[in-house]
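Chemist: Sequence:
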Amino acid sequence: MYSTIYKFTKIKALLSITLLFICSTTLADSIGCNDTFVQLDPAALIIHVDPTGVDDTENIQCALDASTAAGVPTVKLGKHSYKISRLDIDDFKGAFDGTSITTTTIQVLDQSIDCAALADTNSLSAAITFHKGEPRVRFMTIQANDPCMNSSTIWSLLSFTGRPGSEPVCGNDVIFATVDRVKLIESGADKVSYPISVVNEFANGCTNNLLGTFKLNRSEIIAQRGIFLGMKSGAQVDINFNKFTLRLGLGIRMRNAYQSTTIYANEFTFVVDKTPGIDFGFIYLEASSTAPNFNRVVIHQNKFDVTDAQWGLVVYLKSHTATKVISAIITDNILSNVSNPASQDILFTRARGDGVQNGLMSGNSLGRADGIKVEGNINWTVTENLNFNQTANSQNIYLNGATSKCIIGPGQNASVTDFGVNNFIL
Numbered sequence: 011m012y013s014t015i016y017k018f019t020k021i022k023a024l025l026s027i028t029l030l031f032i033c034s035t036t037l038a039d040s041i042g043c044n045d046t047f048v049q050l051d052p053a054a055l056i057i058h059v060d061p062t063g064v065d066d067t068e069n070i071q072c073a074l075d076a077s078t079a080a081g082v083p084t085v086k087l088g089k090h091s092y093k094i095s096r097l098d099i100d101d102f103k104g105a106f107d108g109t110s111i112t113t114t115t116i117q118v119l120d121q122s123i124d125c126a127a128l129a130d131t132n133s134l135s136a137a138i139t140f141h142k143g144e145p146r147v148r149f150m151t152i153q154a155n156d157p158c159m160n161s162s163t164i165w166s167l168l169s170f171t172g173r174p175g176s177e178p179v180c181g182n183d184v185i186f187a188t189v190d191r192v193k194l195i196e197s198g199a200d201k202v203s204y205p206i207s208v209v210n211e212f213a214n215g216c217t218n219n220l221l222g223t224f225k226l227n228r229s230e231i232i233a234q235r236g237i238f239l240g241m242k243s244g245a246q247v248d249i250n251f252n253k254f255t256l257r258l259g260l261g262i263r264m265r266n267a268y269q270s271t272t273i274y275a276n277e278f279t280f281v282v283d284k285t286p287g288i289d290f291g292f293i294y295l296e297a298s299s300t301a302p303n304f305n306r307v308v309i310h311q312n313k314f315d316v317t318d319a320q321w322g323l324v325v326y327l328k329s330h331t332a333t334k335v336i337s338a339i340i341t342d343n344i345l346s347n348v349s350n351p352a353s354q355d356i357l358f359t360r361a362r363g364d365g366v367q368n369g370l371m372s373g374n375s376l377g378r379a380d381g382i383k384v385e386g387n388i389n390w391t392v393t394e395n396l397n398f399n400q401t402a403n404s405q406n407i408y409l410n411g412a413t414s415k416c417i418i419g420p421g422q423n424a425s426v427t428d429f430g431v432n433n434f435i436l
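With my numbering applied, the sequence shown corresponds to residues 11 to 436, in that order.
Don't read these hints as lab results, they were simulated from the structure. One or more of the hints may lead you astray.
Stated by the list, open to error - Quick list of in silico lysine to aspartate or glutamate cross-link-like pairs, EDC-like style, CA-CA up to 16 Å: (1) Lys89 - Asp60; (2) Lys86 - Asp60; (3) Lys93 - Asp156.
Unchecked claim - Computed Cβ-Cβ distance ranges for the label pairs, DEER-style: (4) Asp355 - Asp60: 48 to 54 Å; (5) Phe251 - Gly88: 24 to 30 Å; (6) Gly421 - Ala54: 54 to 60 Å; (7) Val282 - Pro420: 34 to 40 Å.
Beta carbons are placed, not taken as given, at the ideal position from N, Cα and C, and that holds for glycine.
With the hints as extra help, turn the sequences into a complete structure.
Modeler: Printed below as a string of structure tokens:
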């Protein structure tokens, strides 16, 4: 009996190995993948992609599509440099991995993407687009110089969105996206609007929502700008432990979002390139009259280096409609010392408009910057901040005539200008 069981088990094992071998062979062939460069590891359930040395778009696209179709959880690139034009992946639920941030590079080929044609079909132009699903992009560097065929500006390198903007049906789309230990580099050609975008393709005029989560972790962006966010329905967004080196500003931009966003322990550095100052701010939240009714952000323990900036904002919050509320908690952040406070026009926070309500600024070190400007807001508390600009004529804390019910705490060694109503200066 033992011999019979042993023989049966051995036959079963051999049959399983044979079936796995057949699957690994047919996977590459049945959907058109080139098995010279695309191989399934059946034991680890990983699809490996090797570089061609020329253009790897077709092979990587095929591997990602195969992963979705066959339920293989990981597509992995090796310790190589890969070249692509445009990847477009629908409902991917897995990991798109390199080997490490220093050993795996994806180079977007110059003038390889027809950005104008994408705009004509109501789609956002991007080098890599994930529609819905649960994509995780990890352990690689993605870089671009001049991706569009006509040398126009591409919207993003990595785009996480819902259904294509060309589809006539609007509705709720869901994505759970993660970018982990990835470096994105946009060269000085200034041909990339935002290296990362998380927003529905809005060109078709839909007001459809993009629900779910987005996480950016231990990654680095070297570019003009950083991330564009516009998720809805209380989506959870976490941006933690990243480095942003920016030539323009807008490290994190949120427009018409309804998110619960945490921005924690990141480093933002401005470097002088074509402009000497920071446009709009390192972190910029705005809500128009068509925005959802609420957006919340926590900005905590970040470091901002504005040594080279002649002017600019660090945090900018704007909503001119009282029913479109932006609520912010800004705590324990550190602004590097402004090198020349008398000549540099650096403002740490500007909260502007009736919709910017119920905010807290506490425990921030302002690096001798001009401080905090509150315009048209209610119920803001500013307390226990330090290291304001002490030069003559500086306005450390400014409350305009439309403010009310704001509380300015004592002991901040800051000048306070109050034109508001029923504010409390302690």
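Chemist: Against this structure, judge whether each hint is valid.
Modeler: Results of checking the hints against the structure:
The suggested pairing of Lys89 with Asp60 holds, with an alpha-carbon distance near 9 Å, which does not exceed 16 Å. For the given pair, Lys86 sits about 9 Å from Asp60 by alpha-carbon distance, which is consistent with the 16 Å threshold. Taking the CA atoms of Lys93 and Asp156, the gap is near 13 Å; set against the 16 Å cutoff, the hint holds. Between Asp355 and Asp60 the Cβ separation comes to about 52 Å, which falls inside the hinted range of 48 to 54 Å.
Roughly 26 Å separates the CB atoms of Phe251 and Gly88, a value that falls within the hinted 24 to 30 Å. Taking 54 to 60 Å as the suggested C-beta distance range, the pair Gly421 and Ala54 conforms, at roughly 59 Å. For the hinted restraint 34 to 40 Å between Val282 and Pro420, the CB-CB distance of approximately 38 Å keeps it satisfied.
Of the numbered hints given earlier, the model fails none.
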